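Protein sequence lines correspond, in order, to chains A and B. In terms of my numbering, the first sequence opens at residue 10 and continues consecutively. In terms of my numbering, the second sequence opens at residue 10 and continues consecutively.
Hints listed in this document are in silico derivations from the structure and should not be mistaken for laboratory results. The structure displayed is predicted, hence computed values, not measured ones. Honestly, I wouldn't trust all of these hints.
As the list claims (entries may be wrong) - Just a sample of chain A residues kept apart from chain B, beta carbon distances all over 10 angstroms, derived:
#, residue
1, Asn117
2, Pro137
3, Val211
4, Leu285
5, Asp311
Claimed, not checked - Selected chain B positions facing chain A (Cβ under 10 angstroms, derived; list incomplete):
#, residue
6, Pro137
7, Tyr182
8, Ile274
Unchecked claim - Covered, in the sense of this in silico footprint (three residues per stretch, anywhere, with C-beta under 8 angstroms from a C-beta of chain A), are these stretches of chain B:
#, stretch
9, 121-128
10, 224-236
11, 258-267
12, 298-308
Note that beta-carbon positions come from the ideal geometry of N, C-alpha and C, so glycine has one too.
Protein chains: 2
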Amino acid sequence: MKVLFQSADADAQASLDLLARQLPQAHFDLWPQAGGEAHDVAVCWKPPPGFFRGRRFRAIFNMGAGVDALLQDPELPAATPIFRLEDAGMAEQMEEYVAWAALGYLRNMDVYVRQQERAEWKQLDPRPRENFSIGIMGLGLLGQRVARYLHAMGFPVRGWNRSERGIDGVTCYAGEAGLSKFLTDTQMLVCMLPLTPETQGVLNAALLAQLPRGAYLVSIGRGLQLVEADLLDMLDSGHLAGALLDVMPQEPLPADHAFWRHPLITVTPHISAQTLMEASMRQIAEKIDAFMRGESVSGLIDRNKGY
Amino acid sequence: MKVLFQSADADAQASLDLLARQLPQAHFDLWPQAGGEAHDVAVCWKPPPGFFRGRRFRAIFNMGAGVDALLQDPELPAATPIFRLEDAGMAEQMEEYVAWAALGYLRNMDVYVRQQERAEWKQLDPRPRENFSIGIMGLGLLGQRVARYLHAMGFPVRGWNRSERGIDGVTCYAGEAGLSKFLTDTQMLVCMLPLTPETQGVLNAALLAQLPRGAYLVSIGRGLQLVEADLLDMLDSGHLAGALLDVMPQEPLPADHAFWRHPLITVTPHISAQTLMEASMRQIAEKIDAFMRGESVSGLIDRNKGY
């Protein structure tokens with residue numbers, strides 16, 4: 010079996026080495042060093058334009074959960090199955106990230122951090138956990154894990170998904186019809202949706218205005234889901250009390266961007282779920298193995314849905 | 010039954026009203042308005058010098074968990090039983106506060122917040138939750154609750170207590186003999202000890218040096234347990250990576266204090282467990298009721314131990 014390996018990350022060779030150790034029977038070529046030979050499968054991450062030109066693969070394995078960038082390549086072979094990375098340590102990290110946000114906002118830690126800057130010793134009224142409801146938008150594998158974790162921590166959790174989902178202890182809403190009801194009582198909205206034509210710009214004024222006054226936003230899906238000007242308006246009007254953003258329309262976020270300096274915005278550099286290279290390469294090796302044996306492989310992309 | 014009510018807080022009358030509603034058969038006097046009449050019991054919070062002069066009570070009910078200030082009053086009647094507030098919403102708040110600290114330090118959120126100040130987009134290496142162990146010093150009612158909560162969240166949790174304690178899933182150490190072992194593998198030390206002559210200054214260089222390099226300190230017991238200069242040395246030498254302090258030797262923390270401006274110190278204004286007045290007054294009413302009926306009452310202070 011011949012594998013063409015491509016990664017936009019700086020440590021491509023290290024990742025390839027990890028994968029090769031898991032698949033000792035395979036031959037690996039690292040793009041772009043590899044010539045025009047035919048390969049059975051591609052393992053790739055953010056391939057540049059032209060990567061697919063003149064190539065055919067039996068399957069493509071995406072080294073991340075999101076395939077929005079990949080699907081925009083006009084030269085992507087139309088019929089080739091694409092498999093994405095599932096979890097591989099990402100769910101655990103997202104649980105932690107969202108739980109940190111929920112606890113911090115619940116307890117006004119963002120306000121205390123700002124008070125420290127001016128040496129201000131002032132207690133705010135406590136609010137009980139059972140009144141601080143967390144709303145998860147996007148109940149895929151990761152969204153479900155986060156919802157369950159927050160529920161186990163004693164938070165009231167509600168979820169919204171395009172299609173119906175059921176999670177023990179979590180109030181679930183679905184589709185356009187369920188969106189307003191979902192938003193009305195959500196104190197902290199967490200966007201975990203995949204990026205598709207429908208979710209681009211979904212975090213806009215019309216949606217955010219349906220949250221109760223003083224709500225918070227946590228954005229960990231994709232940067233293009235957020236309408237930046239609308240968020241700034243909502244914060245400046247006092248409708249939203251704070252936002253924690255891990256994904257940006259442009260990454261890295263330019264140094265002169267308003268988000269960096271806004272007192273109610275916390276910026277993190279796309280770290281809510283960092284790829285854990287060893288776990289990821291182990292999972293991709295297992296997927297390739299299963300595919301080559303003709304077994305069913307999970308994580309198949311539905312191109313109509315876009316994820 | 011006659012109750013003398015005293016509170017150093019601004020909203021003393023509001024607290025008294027809440028308590029009076031729970032004990033409709035009792036007569037209340039609010040100190041210092043009340044004259045020299047005899048009272049059956051005192052309900053007090055940080056009574057000033059002279060409060061106990063010439064007074065006798067059958068019991069004293071303390072409107073907080075810590076009695077360190079009360080026990081220092083030389084006029085405190087020697088034989089009168091003292092009962093303290095237990096939990097009353099404090100455990101839930103402490104769970105949240107410590108969990109926020111654990112998740113934030115685990116995920117380097119303190120570093121990302123500092124990076125934001127200089128618009129720096131830089132990802133740090135992730136570290137797995139299972140390698141980030143939380144060490145709770147002081148396994149009373151509150152410490153046990155916090156230990157269980159963090160354990161349920163998937164953190165490795167260890168505990169230390171003066172006397173032996175057993176908590177499911179938590180590695181427990183006891184006494185002087187167990188202290189070094191407890192500290193050696195603790196990534197985040199949480200001090201929840203009561204303030205006694207033995208615990209004053211317990212967070213000193215000798216103890217902190219036994220934590221592994223890069224460890225964190227969370228101080229939510231009492232401010233006088235911390236040797237300030239030792240903490241600053243440990244942070245400046247790089248032995249400790251950060252400290253979250255909720256209690257100070259002097260409260261409010263003076264505006265010119267070094268803690269406010271230290272980049273590795275987060276200061277909160279004694280809010281890790283704020284008294285929830287309604288729950289507290291309900292508990293104290295139940296304790297008074299039980300005491301007057303001759304039943305056993307929990308939360309009795311052992312003056313030899315100091316808590």
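Establish whether the coverage given for the stretch 224-236 of chain B by chain A is satisfied; the threshold is a Cβ-Cβ distance below 8 angstroms, and no fewer than three residues must meet it. Since 0 is below three, the answer is violated.
Determine whether the non-interface label on Pro137/A survives the test: each CB of chain B must be over 10 angstroms from its CB. Check fails; 8 angstroms does not lie beyond 10 angstroms.
Stated coverage of the stretch 298-308 of chain B by chain A [criterion: 3+ residues, CB within 8 angstroms]: With 0 residues close enough to chain A, the hint is violated.
Using Cβ atoms only, decide whether Pro137/B comes closer than 10 angstroms to chain A, and label the hint accordingly. holds, 8 angstroms
Measuring Cβ to Cβ, find out whether Asp311/A lies farther than 10 angstroms from everything in chain B. Asp311/A is indeed farther than 10 angstroms from all Cβ atoms of chain B, at 29 angstroms.
For the hint on Ile274/B, does the least C-beta distance to chain A fall short of 10 angstroms? Ile274/B check passes; min Cβ-Cβ to chain A is 9 angstroms, inside 10 angstroms.
Taking a Cβ-to-Cβ distance below 8 angstroms as contact, does the stretch 258-267 of chain B have at least three residues touching chain A? holds (count 6)
Report holds or violated for the interface hint on Tyr182/B, using the least CB-CB distance to chain A and a cut-off of 10 angstroms. violated, 26 angstroms
Would the non-interface assignment of Leu285/A survive a Cβ cutoff of 10 angstroms against chain B? Given a closest Cβ separation of 7 angstroms, the condition is violated.
Examine each Cβ of chain B, and state whether all of them lie more than 10 angstroms from the Cβ of Asn117/A. violated, 8 angstroms
Using C-beta distances, would you say chain A covers the stretch 121-128 of chain B, given that this needs three or more residues below 8 angstroms? Since three or more residues must qualify, the claim that chain A covers the stretch 121-128 of chain B holds, with 5 doing so at under 8 angstroms.
Hey, does Val211/A actually stay past 10 angstroms from chain B on C-beta? About 24 angstroms separates Val211/A from the closest Cβ of chain B, which puts it past 10 angstroms; holds.
The structure shown violates the earlier hints numbered 1, 2, 4, 7, 10, 12.
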